[in-house]
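Chains A and B are the protein sequences, given in the same order.
Using our numbering, count along the first sequence one by one with no gaps and you end on 326.
Using our numbering, count along the second sequence one by one with no gaps and you end on 326.
Watch out, some of these pointers could steer you wrong.
Put simply, identical chains are the same to the list, so a pair is met inside one copy or across any two.
Within a straight-line C-alpha distance of at most 30 Å, the following computed DSSO-like cross-link-like pairs (lysine-lysine) qualify [to be verified]:
| # | residue 1 | residue 2 |
| --- | --- | --- |
| 1 | K323 | K97 |
| 2 | K139 | K124 |
| 3 | K124 | K97 |
| 4 | K97 | K304 |
These are computed hints drawn from the structure, not numbers from a lab.
If you want the building blocks of each chain, they are given just below.
Protein chains: 2
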Amino acid sequence: MTATDTISSDHGDILRGTSCLVLGGGGFIGTHLCRGLTHRGARVHGFGRAPAYRDVLRGIRWTTAEFSDRAALARAIDGSDIIFHVLGGTTPESSNKDPVADLQGCTTAALEMLEICRISNVRKIVFVSSGGTVYGIAKTVPIPETASTEPICAYGISKLAVEKYLHLYRHLHGLDYMVLRIANPFGAYQAPDRRQGVIAAIVHRILQNEPVEIWGDGRVVRDFIYIEDVVSALIEVVGYCGPYRVFNVGSGVGRSILDVVAEIAMVLDKPRLVPIHKPGRVTDVPINILDISLIERETGWKPKTEWRRALAITASWLQSMSKSAL
Amino acid sequence: MTATDTISSDHGDILRGTSCLVLGGGGFIGTHLCRGLTHRGARVHGFGRAPAYRDVLRGIRWTTAEFSDRAALARAIDGSDIIFHVLGGTTPESSNKDPVADLQGCTTAALEMLEICRISNVRKIVFVSSGGTVYGIAKTVPIPETASTEPICAYGISKLAVEKYLHLYRHLHGLDYMVLRIANPFGAYQAPDRRQGVIAAIVHRILQNEPVEIWGDGRVVRDFIYIEDVVSALIEVVGYCGPYRVFNVGSGVGRSILDVVAEIAMVLDKPRLVPIHKPGRVTDVPINILDISLIERETGWKPKTEWRRALAITASWLQSMSKSAL
């Protein structure tokens, strides 16, 4: 499947000619989203640090600036209809080393963005939150959107706080929004060396003939979702007018890290691979599987990409990157 | 009833000789708490802006400093066993005018405090959160601690974020804490001119022969709790070792603003008082009554002060202040 296949659903007209600002457009999710939006006829403006894969975004209007650069942000927001906020910022692990910096870089900066949007003509903000961290240690799985939110990393708290401010600005100023709490996305353009995604990291190490290291006993369970399915959800909710503002976006299926390693080994034809176990991390929740029935019911969206096919596409992309780096 | 009566329960020994730091000790709740702790044999250190009623805190160790003054805060925390964080900061209404400042002044500063506590010997932090704002517009009343939290003021978001960071620091660093989500406290030492409490404001205006103004139709319902009952809850949870970390603290009884005005008019012998209605405020939730069964069950605490008696004591204190100002 290509981006073209995935995003050719019925809602194309909503985006045609719409001015879409993608904050964090040069990152993993952002790169796919910019392409998906462009393909749907939107006028796309990417904003953020220099794109990791600039060629892929050729022809897309681009502003290189920090999220904290209010003047640049205000110029970019001016005239935008829809804002996609897909900035990752830190990672769950690194956020705990400097929670104050995480709060400033994520929440304070997002709040300053909302202050700019308040006096703009922005129609909707679509915010990528973290389905993997906002809930903390789940009491039941799959986790519904109504579950308690007790993050065990600063990253999750910062994301959660932004969700609350979005709710506040809608109440006070009528600024519409959607929050998507995304599980663990994977696919092409996920940089394997940035600790962003465990699948990219594992594939990369195997391709480099390096030992595969996993944290703890490998029994922690995660909900992996292919990036094109994430993009289709982000696009789907632009036209959503129902009563909910927060949706989980995942596969709804849990897989242990050990199983994922085994599946990747199969895809890469390394049947005898044995991972090395490192000490477990205090920020890793034991299990995270999202209940995705709400977004399915409300919008009709559901993940479409078959797991092994998605893994194969991802591995294939990393292989091509690995070769081109030689 | 005096402070002495209220706090003479069975838990005195826990506090005797304990070093208690009261952040915001010069404010409304802080003043009462400093007195209550001193009476229980604790070594009390008040910290914050200059106390409004300095005479009342005579003999108590005091540091005048801003909460954001990290060096002063670190010196005050050093050697403290228990920290009571009862700083109010802004008000729900004013917070929406500058949410970024509210986030910085409340959440970022509290997070910096936690970073200091992490490397200290603090045994427990008792944090005063806002039962009136963290829940937002309640779906059911009385509101249990497990209800969803969707504040409609920045003040409530800042408080909620601090709750989440407390949870995180306990998980990561073993720093123990308790959160009390306090309803609408009232009593002596609540400055009537700071928009902190509607009861103080109404009594004050009547005593000044000024018209009583209420926002909206006066049918909004609030849960008022007498300050001495708040103090007894704050002291009670120091020794609590059960599984919960968040308790509601209120009277569990709802009263409309119109009823409160009528009751105050009765106490002050102004039976013909007619309030003036001003436009409703967007930050006012229609109804807020806290479910206090959890703290009752877990600690045995319950509000003890009879409503009319508490009103009479409050009115009497404001009368004495009003006279002494002449």
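So, going through the hints one by one against the coordinates:
Taking the shortest Cα distances, K323 and K97 never come within 30 Å of each other, neither inside one copy (35 Å) nor across copies (55 Å). Within a single copy, K139 and K124 get their C-alpha atoms only as close as 33 Å, which misses the 30 Å cut-off; across copies the closest is 25 Å, which meets it. Within a single copy, K124 and K97 get their C-alpha atoms only as close as 33 Å, which misses the 30 Å cut-off; across copies the closest is 22 Å, which meets it. In this assembly of identical chains, the alpha carbons of K97 and K304 never lie at most 30 Å apart, being 37 Å within a copy and 44 Å across copies at closest.
Checked against the numbered hints listed earlier, the structure breaks hints 1 and 4; every other hint is satisfied.
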